[in-house]
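> Listed below are the residues making up each chain.
Number of protein chains: 2
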Amino acid sequence: MLAKEGISMSNNKKYNVAVMGATGAVGQKMLETLEKKDFPIESLKLLSSSRSAGTTLKFKDEIYTVEEATPESFENVDIALFSAGGGVSKLFAPEAVKRGAVVVDNTSAFRMDEHVPLVVPEVNESDMADHQGIIANPNCSTIQMVAALKPLKDQFGLNRVIVSTYQAVSGAGTEAIDELKSQAQSFLDGEEMHAELLPVKDEAKHYPIAFNALPQIDVFTENGYTFEEMKMINETKKILHDDQVAVAATCVRLPIFTSHAESVYVELDQDVSVDQIKALLAESPGVTVKDNLDTQDYPTPLDAAGLPDVFVGRIRKDLDNEKGYHMWIVSDNLLKGAAWNSVQIAESLVKNNWLTK
Amino acid sequence: MLAKEGISMSNNKKYNVAVMGATGAVGQKMLETLEKKDFPIESLKLLSSSRSAGTTLKFKDEIYTVEEATPESFENVDIALFSAGGGVSKLFAPEAVKRGAVVVDNTSAFRMDEHVPLVVPEVNESDMADHQGIIANPNCSTIQMVAALKPLKDQFGLNRVIVSTYQAVSGAGTEAIDELKSQAQSFLDGEEMHAELLPVKDEAKHYPIAFNALPQIDVFTENGYTFEEMKMINETKKILHDDQVAVAATCVRLPIFTSHAESVYVELDQDVSVDQIKALLAESPGVTVKDNLDTQDYPTPLDAAGLPDVFVGRIRKDLDNEKGYHMWIVSDNLLKGAAWNSVQIAESLVKNNWLTK
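Residue numbers (UniProt numbering), protein chains in the order written: chain X, 1 to 357; chain D, 1 to 357.
Read the hints as simulated data drawn from the structure, not as lab findings.
The list cannot tell twin chains apart, which means a pair is met if one copy fits it or any two copies do.
Derived DSBU-like pairs: lysine-lysine, alpha-carbon spacing no greater than 30 angstroms straight-line:
id, residue 1, residue 2
1, Lys-90, Lys-237
2, Lys-36, Lys-58
3, Lys-237, Lys-317
4, Lys-181, Lys-205
Input sequences plus hints: build the corresponding full structure.
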């Protein structure tokens with residue numbers, strides 16, 4: 001089932017929209033998604049750090065010049081989509097809210113703040129009703145997983161999740177995309193690969209990502225898990241409103257440009273058939289089941305790239321635990337994992353009249 | 001701890017060795033390993049199908065011409081290392097045994113045969129004592145996992161394994177290596193990628209592997225698992241002599257040339273510390289712990305390539321199950337996963353006087 005295009009509204013009101021981080025990998029997808037969904041825009045403001053200010057970008061055949069963000073940039077803005085790093089969000093999101101904007105923040109800055117709803121519209125749209133100006137967009141790897149887990153939890157009960165991820169470099173931004181391209185070409189030319197960015201730009205050690213696998217995304221936390229892994233664990237519990245569900249994650253960066261894949265093991269409260277799970281997921285919003293072994297149909301990152309759906313395949317029963325199931329979940333990390341979900345949140349704010357508080 | 005180089009023997013006997021499939025990705029590594037370990041060779045015979053016969057290969061500064069295998073090729077052969085596909089093994093291994101050779105078979109042809117020992121020398125060397133002419137080398141993804149699991153099982157008890165793999169294309173042979181190279185270059189040049197081989201040459205559908213992830217290795221079996229996944233499950237139980245241990249696997253092919261990585265979750269019988277696990281693995285044969293978060297030390301496929309060790313890192317406790325642990329296991333799939341393990345088996349046969357029955 002494809003996520004719906006456009007929104008139905010009771011009036012023809014249009015909104016002043018700002019995109020913070022417009023030149024980034026996610027920012028550009030936000031613009032594409034706003035255009036594709038024909039979001040009702042009265043005026044559009046493209047913002048960035050001083051470094052990218054002055055860049056020109058096209059939106060609906062008009063050329064926009066990216067401006068350096070200041071607190072005043074958010075005067076008269078109704079909806080501000082943020083994707084310029086956690087530091088920028090911490091600095092400017094409160095300024096935007098102070099000036100009456102509602103912020104949809106794609107960084108990790110406010111996700112675990114108890115006053116900030118963390119939303120995947122198909123999963124917990126109503127959490128937005130109580131927003132206080134900022135709504136957080138979950139981590140890309142979390143979004144696609146909870147989109148598939150929520151229907152399972154509601155229908156069959158969920159008590160255990162163990163996920164190993166296969167994550168694309170675009171999650172680390174345009175620089176990481178360039179680094180993978182450049183390293184891959186060097187390797188194919190028999191030359192040395194230069195690693196200056198991944199796994200984490202500001203850390204001491206960098207590993208080549210081309211033709212490699214890096215079991216580190218974001219920095220390590222004290223318990224031995226990376227921050228990315230803890231995001232998946234904590235955000236999943238918050239979005240599902242369930243502190244008791246056991247979640248474990250191993251997050252791995254791979255030489256893939258677009259789409260994250262996940263090998264997910266779940267334990268449900270019930271012993272159900274694989275067909276029941278397929279039927280349930282097939283009718284769940286935003287989820288598309290792609291799972292036919294006879295025709296070798298299963299999701300892959302390349303096939304999912306550019307599409308808004310969360311694709312699920314390889315659904316099968318554990319051979320030892322009758323309530324255990326394995327599946328393979330793939331989605332475009334820049335779309336449902338980021339830009340698409342952010343614009344869905346904006347649409348929901350409009351549709352439900354939650355924009356003005 | 002590096003696997004030891006060379007073997008100590010009580011005499012200076014040398015052996016007539018045949019390598020079946022000498023021109024393949026594993027066959028070439030078998031020759032390199034025999035040379036590196038200075039295996040006591042009296043005569044060396046390189047064999048292949050008719051297609052590769054006539055190829056010349058170098059071994060210890062001598063040029064050898066690869067011969068087309070016939071049953072008679074194995075006359076006077078003491079040890080035959082097979083890695084030319086399951087069909088070839090089924091056809092020729094019994095012929096070799098009939099002529100007095102001991103076969104070390106790197107294909108899946110005989111692995112689950114109850115009369116054939118399935119051996120990782122560090123784990124179950126003594127299973128070879130009762131061989132009946134054929135000793136099977138386990139699947140590459142199984143070998144590296146059981147090398148790390150065996151000490152844990154012996155010391156702390158093991159009752160649950162859930163593994164998601166990150167597997168290199170070289171496991172599918174030299175053609176797959178060429179396909180990845182060619183596709184990657186096409187992608188970087190903005191051209192269409194041609195997929196003719198992976199995931200499984202003889203199946204109807206082929207997907208590009210460059211900058212992608214394919215959740216299918218080998219064909220699907222009736223229970224929804226791939227044959228590769230069932231190999232990991234069944235071989236692990238056979239090697240560990242434990243039908244009760246629960247094993248689940250999801251096997252994924254990635255755009256990596258060399259080394260398989262594995263995200264492994266285990267449940268032990270005891271609640272032990274991560275330091276105890278690290279200490280135990282650090283002193284286990286063939287296993288090297290590479291796990292220091294302060295210095296971002298963990299194994300990667302590129303770093304493991306060309307080395308015989310099984311590397312283990314990212315060892316950490318599950319946050320919900322006090323007897324649960326996660327780890328990241330990496331090893332060169334052509335070495336410890338294939339050629340190195342096969343030559344280790346041959347060394348063990350010699351050292352223990354198990355060659356003649």
